[in-house]
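Here is how the chains run, residue by residue.
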Amino acid sequence: DAKTTQPNSMESNEEEPVHLPCNHSTISGTDYIHWYRQLPSQGPEYVIHGLTSNVNNRMASLAIAEDRKSSTLILHRATLRDAAVYYCILPQGAQKLVFGQGTRLTINP
Amino acid sequence: DTGVSQDPRHKITKRGQNVTFRCDPISEHNRLYWYRQTLGQGPEFLTYFQNEAQLEKSRLLSDRFSAERPKGSFSTLEIQRTEQGDSAMYLCASSFEQMNTEAFFGQGTRLTVV
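Heads up: the sequence lines are chains A and B, in that order.
With this note's numbering applied, the first sequence has no gaps in its numbers, which climb one by one up to 109 at the end.
With this note's numbering applied, the second sequence has no gaps in its numbers, which climb one by one up to 223 at the end.
Extracted from the complex, chain A is given alone in its bound form (with noise of 0.2 Å):
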């Protein structure tokens, strides 16, 4: 199974853009990239996913990098509400999450 690598922790300040990381070298070509993410005390959300092409939505924007191996999660503009764990996922069959460490977003007011 193709695993994910983030970055344990990151720090930010309040509406500024956030560049989160995800490192997946091992990815296969059918593999879509999913992120997700922890509010404090709260079941994970989906935040979005891609497979080759950029992707925007209300929440993020997904960069996907030209050889797959890579992407990044883009938060436009940071507000407090956005500090969570964000997980980068490959699902596996069935949609199975497995889930990682993940990286600790803190945004600084």
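Derived by calculation from the structure, the hints in this document are not laboratory data.
No false leads were slipped in.
Simulated restraints on C-beta separations: (1) E137/B with D67/A: 36 to 42 Å; (2) P40/A with T122/B: 20 to 26 Å; (3) I74/A with N160/B: 34 to 40 Å; (4) R81/A with T147/B: 23 to 29 Å; (5) T210/B with N23/A: 22 to 28 Å; (6) L39/A with G194/B: 25 to 31 Å; (7) N209/B with I74/A: 16 to 22 Å; (8) I74/A with R168/B: 35 to 41 Å; (9) E165/B with P17/A: 35 to 41 Å; (10) K123/B with N23/A: 40 to 46 Å.
Chain A stretches covered by chain B per the calculated footprint, using a threshold of three residues with CB under 8 Å from any CB of chain B: (11) 42-48; (12) 95-109.
Calculated cross-link-like contacts (lysine-lysine; reagent style DSSO-like; alpha-carbon spacing at most 27 Å): (13) K96/A with K3/A; (14) K180/B with K96/A; (15) K120/B with K180/B; (16) K166/B with K120/B; (17) K166/B with K123/B; (18) K166/B with K3/A; (19) K166/B with K180/B; (20) K166/B with K96/A; (21) K69/A with K3/A.
Note that the structure is a prediction, hence the values are computed from the model and not measured.
Ideal Cβ positions, reconstructed from N, Cα and C, are used throughout, including at glycine.
Fit chain B to the known structure of chain A by using the hints.
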């Protein structure tokens, strides 16, 4: 539909007792998943159902754990003879069957075994 709901939100039990948790998925979703999360760790997959059929179980799911999804609607997760190591957040999620669809998680049941 208010999303995935789990009951109870918190459970404290004595070691050796049995506990049962319930998950009500989003009604149109035919897939239902159970995960366990300990402090400081990401959620770990336990098992999943497609409709009423339990199609995969993790090695983490010991003989003391059993999950059901009668009629493909709500699901229950039972832990028999609880141990202190069972203390964790138990999360339920549901999704459509299609590939690469998002999963919706409940807020979880926090179990404390004393």
